[in-house]
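In this text, residue positions in the sequence shown follow my numbering: the first is 634, and each later residue adds one.
Honestly, the hints are just simulated from the structure, not real lab data.
Small disclaimer: the values here were computed from a predicted structure and weren't measured.
Careful: at least some of the hints might be erroneous.
[Unchecked claim] Using 35 angstroms as the maximum straight-line C-alpha spacing, the simulated DSBU-like pairs for lysine-lysine come out as follows:
#1 K876 <-> K725
#2 K705 <-> K725
#3 K744 <-> K725
#4 K955 <-> K705
[Unchecked claim] Label pairs and their computed distance ranges (CB to CB):
#5 E782 <-> A669: 25 to 33 angstroms
#6 R755 <-> I890: 52 to 60 angstroms
#7 L891 <-> D689: 35 to 43 angstroms
#8 S797 <-> L891: 32 to 40 angstroms
For glycine and all other residues, C-beta sits at the position ideal for the given N, C-alpha and C.
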Amino acid sequence: MICAQESDMGSRPINLDSVPEDYVRASIVVADPGNALYSRVGHAAIHMQCPTHGLDFVFSAEAEPGTGLLFKFLSGSLRMGVFAVPIDEYLKGYRMDGRSVCEYELLLPIKVKQNLWRVLDRHVEVGLSLPYDYLERGCSQITFQLLTEALDTCHIEFGYWPESFAMSRREIMHHELVDSPWVRLFLHLLINGSIDDACANGRKVLVPNDLVLILQHASLNGSPILDTVPNVILDRTATPRTKPWFTPTMLAWLMLILTLLSVAFHRRGMDYVLLALQTLLGCFSLYLVAFSNLCCTEWSWLLIPFNPLPALCWRWRHVWAKPYAVVILLWVAAMAAWPHRLTDTPYILLASASALSYITFPSENKYIFGKKR
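With these hints in hand, go ahead and build the complete structure from the sequences.
Take a look at the structure:
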């Protein structure tokens, strides 16, 4: 979304002793999950209003508009920023998608709300200068950051953190995407590295619903920060998304069973299917780790079982197949035993299938690319 104009409310001199508390209204806006990859857990933003001056803006963290965004995203060159969008323009896209939008009023003193508006204006002025970072600057995280920045001189008490915050940030997102298993599978391939690092609870605010619950249990000088009753701005018209009947886990189990049958009946067709899959996944992961500047691509544990080396060294597979199968099996055991989830279950099953394929290769190189020597 493009900023229509600067709100400039936070910098206007106001005699705060002569205005009512609702002279400035502030709220947290939460949109339902959408079908796009970046909207699967919903969206959070801050709604600021000053009816006296006809100001009504939603301050939202958004990526840059334009074409070629997928390549920019994968390469890590996509930019983002905070935009001030008129409320009608902001709701237009959600109305087209049939997604519901509600808001929860921020129960803040007028001085704090003015300071919040000033902080928001300052971030809008920065523009599209920030690298796109869905972990540290996702919509819920940046909304939480903006609020805490505006309240930095106040005594805030957070009385509640969701039970899910005992998990890692990867596990939080994994749990939230339970009804989107194919999206979850892709995100486990895409997101690795720093997402598994231990961090403070404040940095685990990744989901709009968690943001709302945390703020509803928080207090400022003993008074609640966020209202518990939502105001529905837009009603849902689209059919709710349902979990697909055929999941990645089912596909992975099917491939493992086919590999078992292939080995049992001495038909090696699955060797090449698994090799192709291993190479494709490995090339994608290798690109992210070695060349992309995208966040959470410092390292990927998937590169151990999924990489292009087996395809490059396929001619000599009778030498390396069995030792590599042992390495993959150790990886499978480590992923299953690790106290925090490091990948998705289908990748563990696919790696097991590859290990089975490699460990049952003949000890002599009787075949090269399927042809008898």
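Consistency of the hints with the structure:
no.: 1; hint: K876 <-> K725; result: holds, 27 angstroms
no.: 2; hint: K705 <-> K725; result: holds, 25 angstroms
no.: 3; hint: K744 <-> K725; result: holds, 31 angstroms
no.: 4; hint: K955 <-> K705; result: violated, 40 angstroms
no.: 5; hint: E782 <-> A669: 25 to 33 angstroms; result: holds, 28 angstroms
no.: 6; hint: R755 <-> I890: 52 to 60 angstroms; result: holds, 58 angstroms
no.: 7; hint: L891 <-> D689: 35 to 43 angstroms; result: violated, 58 angstroms
no.: 8; hint: S797 <-> L891: 32 to 40 angstroms; result: holds, 36 angstroms
Checked against the numbered hints above, the structure breaks hints 4, 7 and satisfies the rest.
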